[in-house]
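A.B. asks: Quick note: the sequence shown uses the working numbering, first residue 1017, plus one each step.
No lab work stands behind these hints: they were computed from the structure.
Just so it is clear, the structure is predicted and the values come from calculations on it, not from any experiment.
Check before you lean on any hint, since a few could be wrong.
Within a straight-line C-alpha distance of at most 27 Å, the following computed DSS-like cross-link-like pairs (lysine-lysine) qualify [as the list claims (entries may be wrong)]: (1) Lys-1083 x Lys-1072; (2) Lys-1177 x Lys-1065; (3) Lys-1206 x Lys-1072; (4) Lys-1177 x Lys-1206; (5) Lys-1091 x Lys-1065.
Restraint ranges, calculated between C-beta atoms of paired labels, are given here [what the hints assert, rightly or not]: (6) Gly-1069 x Glu-1117: 32 to 38 Å; (7) Pro-1251 x Asp-1189: 45 to 51 Å; (8) Asp-1353 x Phe-1207: 33 to 39 Å; (9) Asp-1302 x Asp-1135: 30 to 36 Å; (10) Glu-1149 x Val-1333: 31 to 37 Å; (11) Gln-1048 x Ala-1140: 24 to 30 Å; (12) Asp-1353 x Gln-1157: 56 to 62 Å; (13) Gln-1369 x Lys-1277: 17 to 23 Å.
Every residue, glycine too, gets a C-beta built ideally from N, C-alpha and C.
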Amino acid sequence: MIVPLIEFKDVTKRFGLRTILDRVNLQIYEEQVTTIIGLSGSGKSVLLKHIVGLLKPDEGTILFRGKPIHQMGKKEINVCLGQMSYMFQGNALFDSMTVYENVATPIRETMNLRKAEIDRRVMARIEQAELGEAAQKYPSQISGGMQKRVALARALITDPKIVLFDEPTTGLDPVRKNAILSMIAQYHKKFGFTAILVSHEIPDIFFISNRILALYDRAIVFQGTPEELEAFEHPFKDEVLQSIEGLQEELTGLYSKRYFKVRYQTELKREAFREAYAVVVFTIEDLDAISAGLGHEAAPEAIRCMGAYIDKHFGAVGGFSTRQNTNEFVTVLPNSDLAAAEGILEDLARDFQEHGIRQIRAGAKKSAASMEGLEFAIRAGLAQGHQGQSTVELETIIALAKHHQKEIARLRCDGCDHAN
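Using the sequences plus the hints, can you model the full thing?
C.D. replies: Listed below in structure tokens is the structure:
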């Protein structure tokens, strides 16, 4: 049995007469991305502050690698806390310090390093966060999105094993929200730290999370994968998910996965949804390469752009679509055979090839030289469905369409002005 990295057992926290956490039980596992979701004011940030040691429970036990923290000595506790870093909701940057000085502060305070080594580490993180031109600027001189990246660079400067993110994308537009989430996912993959997030950015946060914890009525009512959450039946789903997950996904404008399934089930029951329908699965390949070549805002821009072109061509003829995972989209086209869907797909591919690359480039922040030789592919596959099939069978049809995928466009970014 795998021992959780962090575990809460019957943790209760009160502020005066108000109970914020009531006998909370949860497990967080090493090297995963775990996200805590819940309504505003439900105690998510309070829970996070217990993990990092900023708050202590009134009742219950918090364990680190299976050992109760209250049984540890001061030195052992400091070792545990020394493995953690915290990205605050409001960034908590020092206004009187430059970007460079803000990022450098944690290693100056905790590590005995030479100035040259500090400079090397700090500039490496600043460049990774695409902040090179802002290194000597003050927080008031840069945008909110850049301030978020400064806070992220500072949280990672000490190479922590555990990073806690308190609402890391609050106040950002959809592309920049997804850019921050993309950075977290990429850094997690590259450096192997355990990420613990508090967020209400549903469904975007699901695309980078291994595990979801749902905080509702002062307790954890769900722990599991994003896929398992879809099948979870509880008042939480109505009160929380409906309040923070809209009909459409904010970044792409397509249906959220939840409403895509509702629409599919509704269409199956309609007489107008006749004998056959087509399912198309799209995949954007090499999103990591897009981020590396064009900057972290380029990958969300590619996703947004792909969603817009899918809706333009398939939505116009009655199709409805969702983003299935980070770089994959699914479209259902009612009352259509594969030949008709293939024709629409060819029009989409031609349109995206001619115009989509320019829109993605417009969302990038790097120079034309950095794009030289960068290319990525769009793949798509089709399958046929029939009236009377269930949502479970839809998953089989989606898998079949994915199996039939082929490249429909290869976009090359030479010179930024055309696509081959």
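A.B. asks: Confirm or reject each hint.
C.D. replies: Comparing the hints with the structure gives:
1. Lys-1083 x Lys-1072: holds, 16 Å
2. Lys-1177 x Lys-1065: holds, 17 Å
3. Lys-1206 x Lys-1072: Given that 27 Å is the threshold and the Cα spacing comes to 32 Å, the pair is violated.
4. Lys-1177 x Lys-1206: OK: Lys-1177 and Lys-1206 at ~12 Å, within 27 Å.
5. Lys-1091 x Lys-1065: holds, 20 Å
6. Gly-1069 x Glu-1117: 32 to 38 Å: With Cβ atoms ~25 Å apart, the hint is violated.
7. Pro-1251 x Asp-1189: 45 to 51 Å: Between Pro-1251 and Asp-1189, where Cβ atoms are some 32 Å apart, the hint is violated.
8. Asp-1353 x Phe-1207: 33 to 39 Å: Given about 48 Å between the Cβ atoms, the range is violated.
9. Asp-1302 x Asp-1135: 30 to 36 Å: holds, 33 Å
10. Glu-1149 x Val-1333: 31 to 37 Å: At roughly 45 Å between Cβ atoms, Val-1333 and Glu-1149 fall outside 31 to 37 Å, so the hint is violated.
11. Gln-1048 x Ala-1140: 24 to 30 Å: holds, 25 Å
12. Asp-1353 x Gln-1157: 56 to 62 Å: holds, 58 Å
13. Gln-1369 x Lys-1277: 17 to 23 Å: violated, 31 Å
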